[in-house]
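Chemist: Single-letter residue listing:
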Amino acid sequence: MAEQILQVEHLEKYYQKKHVLHDINFHVDKGEVVTLLGPSGSGKSTLIRCLNGLEAYQQGTITFEGKKIEPTEKNWQQIRQKIGMVFQSYDLFPNLTVMDNILLGPTKVQKQDKFAAKKEGLDLLARVGLEDYANAYPRQLSGGQKQRVAIVRALALHPDFMLFDEVTASLDPEMVRGILNIIQDLADVDHMTMIVVTHEMNFAQQIADRVIFLEDGHILEQTPSKQFFSAPQTKRAQEFLDSMDF
Amino acid sequence: MDHSGISVLFEGTNFQRLLGGLWVTVRIAAVALIIGLILGVILGVLRTFKNRPLRIILRLYLEFFRVVPTVVLLFLFYYILPREMNFNLPGDQLATLVFALWVAAEMSDIVRGALISVPQHQKESGKAIGLNRYQLYRYVLIPQAISLEIPATINLATRVIKTTSLLLLISVMDVINIGQQIIEANNHTHPTGVFWVYGLIFLFYFLIDYPLSWWAKRLEKKRLERANG
Amino acid sequence: MSSWAIIQQSLPMFTKGFELTLWLSFIGIIGSIIVGLIVSLLQYFKVPVLHQIASVYVEISRNTPLLIQLFFLYYAFPVIGIKFGAELCGIIGLVFLGGSYMAEGFTGGFNGVSKGQLESGKAIGLSRWQLARYIVFPQGFSLSVPAMAANVIFLIKETSIFTVIAIPELTNTALDLIGLYYRSNEYLFVLVIGYAIILIPLSIILTLLEKRVRYGSFGN
Numbered sequence: 001m002a003e004q005i006l007q008v009e010h011l012e013k014y015y016q017k018k019h020v021l022h023d024i025n026f027h028v029d030k031g032e033v034v035t036l037l038g039p040s041g042s043g044k045s046t047l048i049r050c051l052n053g054l055e056a057y058q059q060g061t062i063t064f065e066g067k068k069i070e071p072t073e074k075n076w077q078q079i080r081q082k083i084g085m086v087f088q089s090y091d092l093f094p095n096l097t098v099m100d101n102i103l104l105g106p107t108k109v110q111k112q113d114k115f116a117a118k119k120e121g122l123d124l125l126a127r128v129g130l131e132d133y134a135n136a137y138p139r140q141l142s143g144g145q146k147q148r149v150a151i152v153r154a155l156a157l158h159p160d161f162m163l164f165d166e167v168t169a170s171l172d173p174e175m176v177r178g179i180l181n182i183i184q185d186l187a188d189v190d191h192m193t194m195i196v197v198t199h200e201m202n203f204a205q206q207i208a209d210r211v212i213f214l215e216d217g218h219i220l221e222q223t224p225s226k227q228f229f230s231a232p233q234t235k236r237a238q239e240f241l242d243s244m245d246f
Numbered sequence: 247m248d249h250s251g252i253s254v255l256f257e258g259t260n261f262q263r264l265l266g267g268l269w270v271t272v273r274i275a276a277v278a279l280i281i282g283l284i285l286g287v288i289l290g291v292l293r294t295f296k297n298r299p300l301r302i303i304l305r306l307y308l309e310f311f312r313v314v315p316t317v318v319l320l321f322l323f324y325y326i327l328p329r330e331m332n333f334n335l336p337g338d339q340l341a342t343l344v345f346a347l348w349v350a351a352e353m354s355d356i357v358r359g360a361l362i363s364v365p366q367h368q369k370e371s372g373k374a375i376g377l378n379r380y381q382l383y384r385y386v387l388i389p390q391a392i393s394l395e396i397p398a399t400i401n402l403a404t405r406v407i408k409t410t411s412l413l414l415l416i417s418v419m420d421v422i423n424i425g426q427q428i429i430e431a432n433n434h435t436h437p438t439g440v441f442w443v444y445g446l447i448f449l450f451y452f453l454i455d456y457p458l459s460w461w462a463k464r465l466e467k468k469r470l471e472r473a474n475g
Numbered sequence: 476m477s478s479w480a481i482i483q484q485s486l487p488m489f490t491k492g493f494e495l496t497l498w499l500s501f502i503g504i505i506g507s508i509i510v511g512l513i514v515s516l517l518q519y520f521k522v523p524v525l526h527q528i529a530s531v532y533v534e535i536s537r538n539t540p541l542l543i544q545l546f547f548l549y550y551a552f553p554v555i556g557i558k559f560g561a562e563l564c565g566i567i568g569l570v571f572l573g574g575s576y577m578a579e580g581f582t583g584g585f586n587g588v589s590k591g592q593l594e595s596g597k598a599i600g601l602s603r604w605q606l607a608r609y610i611v612f613p614q615g616f617s618l619s620v621p622a623m624a625a626n627v628i629f630l631i632k633e634t635s636i637f638t639v640i641a642i643p644e645l646t647n648t649a650l651d652l653i654g655l656y657y658r659s660n661e662y663l664f665v666l667v668i669g670y671a672i673i674l675i676p677l678s679i680i681l682t683l684l685e686k687r688v689r690y691g692s693f694g695n
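Protein chains in written order, with the numbering used here: chain E, 1 to 246; chain Z, 247 to 475; chain V, 476 to 695.
Honestly, the hints are just simulated from the structure, not real lab data.
Predicted, not measured: the structure shown is a model, and the values here were computed from it.
There could be a bad hint or two in this list.
Pairs of lysine-lysine residues, derived as PhoX-like cross-links and limited to a Cα-Cα distance of at most 20 Å, are as follows [unchecked claim]: (1) E:Lys82 with E:Lys68; (2) E:Lys68 with E:Lys30; (3) Z:Lys369 with Z:Lys468; (4) V:Lys590 with Z:Lys467; (5) E:Lys67 with E:Lys82; (6) E:Lys74 with E:Lys30; (7) Z:Lys468 with V:Lys590; (8) E:Lys119 with E:Lys74; (9) E:Lys74 with E:Lys114; (10) E:Lys67 with E:Lys30; (11) E:Lys108 with E:Lys119; (12) E:Lys108 with Z:Lys369; (13) E:Lys82 with Z:Lys463; (14) Z:Lys296 with E:Lys74; (15) E:Lys74 with Z:Lys369; (16) E:Lys111 with E:Lys82; (17) E:Lys82 with E:Lys30.
Only chain E is shown next, with the shape it has when bound in the complex (with noise of 0.2 Å):
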């Protein structure tokens, strides 16, 4: 059986009043590739943030690489250096050139060398085909551009574990595509483990090895992924399907 590296348990979150997470429990193997499926909503957004700790969540465990994780704020600075997530609206800094929008956290938080760190960030930059780019400003790249360079930026920092969140959701239908082999070829060549949430259903059936489908904030399957797409196991997940139009 393979090892897993991720283990959240009985996770419960609330805004205010509103519940929004119910009683969670999945696990991530290493290098696998999950991807999260369900309406607008559902709470994938959420649940993905609680795993880096952008959100607080009231009860329940999250275990990674075998320690439980203590959710105060110090450990989560730990725990984001090896998990590293790309937002939906790409959020590169403004003030910062691409290489130091690259640079900011191998130097400053994991004090890498400088040289070797720029170094390897230009080699990150040539792998997305932005290698003539170090030097620009975000405002000078379009969307997709500035969607690369955030996944480098997470890259840089060497994580085991990589959180997408709706990368490709604001980007132009032509720009998808790049997105999307970039983390194709994370997976397969790298054998980065990750979680993905999309919806680009083609995206996902292709890259998923398991589909976890969540609604109202209930995980309501977790499934194979080449069996989620043919015959998924509950109701909801086939008329989800049935409503998603690929």
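Fit chains Z and V to the supplied structure of chain E, relying on the hints for placement.
Modeler: Only chains Z and V this time, still in chain E's reference frame:
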């Protein structure tokens, strides 16, 4: 006697004396601004923290300096520091202190406003790469806030420069005070001198403040264009 | 004499000063709003010649201190034969200063009306005047309310400078009393309280107005 009033400006060392007074004015404004801006940034950052008592105290500090007119602030320090605290400062240093504390109060509000208008996502992206609070402010929030706050800061500087006109009230030898001395000394020979001396001082203030306001306006316009484009 | 007795004794004088501060502020603010409105309209409609004059006025007014504006009116104008009483000088000075601040406030409000609003107006065939009348002015005025309120506070505080031309308003009253009786703590205390009574409520209103406009703008 029939002297043209304007000649009073150039008689003897009058013009140099006025420039000397202007230098006192500018120096007080500049030192107060530098101290006030630094202190104001610190207070502004503290005002974005969650600590409630700290926020209330700093808010009260701001409101005090907002509500009390600057003339009154000057006199408060002028009378109360030496008498109650046995703390004697020459007029120019006292004025520098008062202006610096006032600038710090106004600046803390500008900085806080700019910091809270940096989008929440920027904060999250910073956290997501493991930045701690200090690093988040140092590399992400403050640099972005600064570009938002520069026009307001320049406008604050023009206000401080205008407010230095009050130095006269606590007997600092600023440009207006020297102007008054020149007017009084030449009142008999140059009865219209008052027009030219105050006219020149008026012009001095305008020549310092106008370029600053123009610059602030231009930066603000550029920023808005960038935000909309 | 106890501090309390000193304060009590001075209250009638302070009350007079307080009333004068309020009265001069009131007249000055009304005058400023009128001048500001005229100037902002000249600028909005780009009335030839007049709008350039208005712009020059705004720059001069905003970039020079009230104190020197007052000195000019009070000491320099008489030598060229124009003479006003101190209080009239104060009011003229305050309106000269406040007019430009109010004008900027109105202009800011007009410019704050969103492009989408203007385009929808044009799209239904409104003329330039109709656009101003039905869209820009109504929305612009409500957008400019917080700036107006901030200007009101600013102008009331500026009346403290009237002391330099010996108008017996609040600050002047306190300074006179200090000069006469050397009891600075008591008189300064009353002085600060005097301004606080006027300005704290205004400051609270301003904060609320700013919040309202900020939330209001999400509606668009």
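Chemist: Indicate, hint by hint, whether the structure satisfies it.
Modeler: Verification of the supplied hints:
Straight-line distance between C-alpha atoms of E:Lys82 and E:Lys68 comes to about 14 Å, which keeps the hinted pair within the 20 Å bound. Note on E:Lys68 and E:Lys30: the hinted pairing holds, with a Cα-Cα distance of about 17 Å set against a maximum of 20 Å. Proximity of Z:Lys369 to Z:Lys468 is assessed by CA-CA distance (about 25 Å); at most 20 Å being required, the pair is judged violated. At most 20 Å may separate the alpha-carbon atoms for a hinted pair to count; V:Lys590 and Z:Lys467 meet this at roughly 16 Å.
Under the criterion of a C-alpha separation no larger than 20 Å, the hint pairing E:Lys67 with E:Lys82 is consistent with the structure, at around 13 Å. For the hint pairing E:Lys74 with E:Lys30, the CA-to-CA distance comes to about 25 Å; that exceeds 20 Å, so the pair is violated. Our distance criterion of 20 Å between C-alpha atoms is met by Z:Lys468 and V:Lys590, whose separation comes to about 17 Å. Between E:Lys119 and E:Lys74 the alpha-carbon distance is near 29 Å, which puts this suggested pair outside the 20 Å criterion.
As the CA atoms of E:Lys74 and E:Lys114 are separated by approximately 24 Å, the hinted pair breaks the 20 Å bound. For the hint linking E:Lys67 to E:Lys30, the alpha-carbon distance of about 15 Å falls within 20 Å, and the restraint holds. As the CA atoms of E:Lys108 and E:Lys119 are separated by approximately 16 Å, the hinted pair is consistent with the 20 Å bound. At roughly 16 Å between alpha-carbon atoms, E:Lys108 and Z:Lys369 fall within 20 Å of each other, so this suggested pair holds.
Taking the CA atoms of E:Lys82 and Z:Lys463, the gap is about 45 Å. The hint is violated against a cut of 20 Å. The suggested pairing of Z:Lys296 with E:Lys74 holds, with an alpha-carbon distance near 17 Å, which does not exceed 20 Å. Our distance criterion of 20 Å between C-alpha atoms is met by E:Lys74 and Z:Lys369, whose separation comes to about 16 Å. Our distance criterion of 20 Å between C-alpha atoms is met by E:Lys111 and E:Lys82, whose separation comes to about 15 Å.
For the hint pairing E:Lys82 with E:Lys30, the CA-to-CA distance comes to about 13 Å; that is within 20 Å, so the pair holds.
Checked against the numbered hints above, the structure violates hints 3, 6, 8, 9 and 13; every other hint is satisfied.
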